[in-house]
Amino acid sequence: MQTIQKILLEFEPKVENLLPALKKTSATFGYVSEEDAQKIAGYFSIPQSKVFETASFYDLVKTKKQPQILIQVCSSANCAVNNSFEIIREIENSFKIKAEEISCLGKCGEGPIMIVNGKIYEKVNLSKLRDILEEYL
Amino acid sequence: MKDIKIITEHWGKIDPLKIEDYLGVGGYEALGKFISKMKPEEVVEEIKKSGLCGRGGAGFSTGNKLESVANNPKAEKYFICNLEESEPGTYKDRLIVDNNPHLLLEGIIISALSIGAKRAYIYINGNFEKQKEILERAIEQAKEKKYWGENILGSEYNLEIEIFSGAGAYICGEETALINSIKGNRGEPKYRPPYPTQAGLFGCPTAVNNAETISNIPWIILQGGKEYAKIGAKNSPGTKLFILSGAVKNPGVYEAPTGITVKELIEEYAGGIQKGKEFWFAQIGGACGKLFLEKELDAKLNFSVGTGRDLSVQMGSGSILVVDKSVNIHDLLISWTDFFRRESCGKCVPCREGTFRLWEIAKRFRDNKISDRDKEAVKDILWTLNNTTFCPLGKFSATAFQDAVEKLKIWK
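Respectively, the protein sequence lines represent chains L and X.
Per the working numbering, residue 2 is the first one in the first sequence, and the count goes up by one each step.
Per the working numbering, residue -16 is the first one in the second sequence, and the count goes up by one each step.
Only chain L is shown next, with the shape it has when bound in the complex:
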């Protein structure tokens, strides 16, 4: 089983490894808990406040426990002109889940983009949406 100690040992305790270590921790456990943050702080010899200072800044590092089904939809301009807002409204109305709006992933040619629990779906439309979400519900 993956533990925070094992993750940390993959990285040399240098400041430029702090962000990669936080990303790995968040990806493995879903978020960086206070307990884990304490261990990270100890390993890098920095205050815990500094760990959260960095962690709370980045989208790919979560500092709070995430919902079981995390739906993220890109609402940046290119996806917006391809009706991503319609998809967000449909998720809220029909599935009663609040989708998180996220920024551009650089997949503008394949929009609208939706991410469910880390898996990326391209060219999502209302009929595809139902099929995708039924896998998770």
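Treat each hint with caution, since some may be false.
As the list claims (entries may be wrong) - Chain X is faced by these chain L residues, among others (derived, beta-carbon under 8 angstroms):
| no. | residue |
| --- | --- |
| 1 | Leu20 |
| 2 | Pro21 |
| 3 | Tyr59 |
| 4 | Asp60 |
| 5 | Thr64 |
| 6 | Asn79 |
| 7 | Ala81 |
| 8 | Phe86 |
| 9 | Cys105 |
| 10 | Gly107 |
| 11 | Ile133 |
| 12 | Tyr137 |
Claimed, not checked - Distance ranges between label pairs, derived from CB positions:
| no. | chain 1 | residue 1 | chain 2 | residue 2 | range |
| --- | --- | --- | --- | --- | --- |
| 13 | X | Ala212 | L | Thr29 | 49 to 57 angstroms |
| 14 | X | Lys32 | L | Thr29 | 48 to 56 angstroms |
| 15 | L | Thr29 | X | Phe185 | 26 to 34 angstroms |
| 16 | X | Trp394 | L | Asn94 | 26 to 34 angstroms |
| 17 | X | Gly9 | L | Ile121 | 34 to 42 angstroms |
| 18 | L | Gln3 | X | Asp355 | 52 to 60 angstroms |
| 19 | X | Lys395 | L | Ser95 | 32 to 40 angstroms |
| 20 | L | Lys66 | X | Gly329 | 22 to 30 angstroms |
| 21 | X | Asn134 | L | Pro14 | 28 to 36 angstroms |
| 22 | X | Lys32 | L | Asn118 | 50 to 58 angstroms |
Since the hints were made in silico from the structure, they are not lab data.
Note that the structure is predicted; figures quoted are calculated from it, not measured.
Note that CB positions come from ideal geometry on N, CA and C, so glycine has one too.
Based on these hints, arrange chain X on the given structure of chain L.
Quick look at chain X alone, frame taken from chain L:
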């Protein structure tokens, strides 16, 4: 001139995962030429002659940037390739990696050596998992051939290359924020001066260059800066990758000389407007871009405005979003304002508060609850964003909204 391809020449014809394919079309010849025949200062001189300027959007002279790092007497120097690319609607750098990663790598090696850096970083967008793998593979193959590492191609040159993966923050495309992020800090911009070319990563002189800019360098070394300067617009020569999207027939990335008009790009490259759709406006340069109405489409795309009598427009990252009349403007306003609200780093008050209030007003506008007081407040907010924010992100966050008010007359 129209057909000249520098970056996209071998796209789709070579296997990006095989270094042999790149070598077969003349790859790494520029590096060989540099190692055997040129001094580092000659490379910088050649790039200065070419007039190449930053393709990330700012358009700063690449030659001057490299020169100021090269001339710095400090021993330790760094070179960073900016592959953060998170401007909405922009995915040119991603395609460079997808189609020809070795071209980028060759450019990185040459530019890093020309400024005397011993270590080069590739700062890649945290969402580009696949591209990171492609680059890792390319880097490995290039090392086997001794294109980087110790004693490159039997010479005295040494270089280490490392990939640093970002973690999803728009502001990290700004060079000082990017450097902060590598150091394990919040990706907030820093006050300049000192510029990164004087005191950047770990306090050492650092050149941060966009991936597309760097990909031009092998061509410049082989063909010469003078040849490059002949392509495209005089004040910002070369070719540029343009990303066309929205209501055009063939959305995609196209390479064209600078100085081309928006109209030509839409009509000749992207096949015109989709059938049954009516052109409304085009947004140029991503979420922070200006809006252009039909009558303004003859504007020439450049990096600097105000040279000559021609109507010219700053192309920013090179993305062109064509919006047709069926698009709901409320959605777009919320998209723009929410994007900047989310991505504002919170360091300075005008941007943190201004982007938040604009978003609130955009929501009230959508819900038909907008008051005259809101409309007055928007003027103040836009002025404040334009004039008082710490970094360009805040300034740009006002651009599209301002144009929506002035050109699209959304209040009526």
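Verification of the supplied hints:
The closest approach between the C-beta of Leu20(L) and any C-beta of chain X is roughly 6 angstroms, which is under the 8 angstroms cut-off, so the hint is satisfied. Contact between Pro21(L) and chain X, as hinted, is supported at the beta carbon level, the nearest pair being about 7 angstroms apart and thus within 8 angstroms. Hint status for Tyr59(L): holds, given a least beta-carbon distance of 4 angstroms to chain X, under 8 angstroms. For Asp60(L), the interface hint holds, since its Cβ comes within 8 angstroms of a Cβ in chain X; the closest pair sits about 3 angstroms apart.
Look at Thr64(L): its Cβ only gets to about 12 angstroms from chain X, farther than 8 angstroms, so that hint breaks. Annotation: Asn79(L) was flagged as interfacial toward chain X, and the flag holds, the nearest CB pair being 5 angstroms apart, inside 8 angstroms. Satisfaction of the interface hint for Ala81(L) is found here, the shortest Cβ-Cβ separation to chain X being roughly 4 angstroms, below the 8 angstroms cut-off. Interface restraint check for Phe86(L): the shortest CB-CB distance to chain X comes to about 5 angstroms, inside 8 angstroms, so the restraint holds.
Nearest Cβ of chain X to the Cβ of Cys105(L): about 4 angstroms, under the 8 angstroms cut. The hint holds. For Gly107(L), the shortest C-beta to C-beta distance to chain X is roughly 4 angstroms, which falls under 8 angstroms, so the interface hint holds. Checking Ile133(L) against chain X by beta carbon gives a least distance of about 19 angstroms; that is not within 8 angstroms, so the hint is violated. Interface hint status for Tyr137(L): violated, as the beta-carbon distance to the closest one in chain X is roughly 21 angstroms, over 8 angstroms.
Here the CB-CB span from Ala212(X) to Thr29(L) is close to 51 angstroms, well matched to the stated 49 to 57 angstroms. Lys32(X) and Thr29(L) have their C-beta atoms about 50 angstroms apart, which keeps the hinted 48 to 56 angstroms range intact. The hint said 26 to 34 angstroms for the Cβ distance between Thr29(L) and Phe185(X), and at roughly 29 angstroms that hint holds. For the pair Trp394(X) and Asn94(L), the supplied restraint of 26 to 34 angstroms holds, since their beta-carbon distance comes to about 29 angstroms.
For the hinted restraint 34 to 42 angstroms between Gly9(X) and Ile121(L), the CB-CB distance of approximately 35 angstroms keeps it satisfied. Range check, Gln3(L) to Asp355(X): about 58 angstroms between beta-carbon atoms, so the 52 to 60 angstroms window is met. Taking 32 to 40 angstroms as the suggested C-beta distance range, the pair Lys395(X) and Ser95(L) conforms, at roughly 35 angstroms. Between Lys66(L) and Gly329(X), the C-beta spacing of about 23 angstroms keeps the proposed range 22 to 30 angstroms intact.
Checked against the hint of 28 to 36 angstroms, the pair Asn134(X) and Pro14(L) passes, with Cβ atoms roughly 31 angstroms apart. A beta carbon spacing of about 52 angstroms between Lys32(X) and Asn118(L) agrees with the range 50 to 58 angstroms that was offered as a hint.
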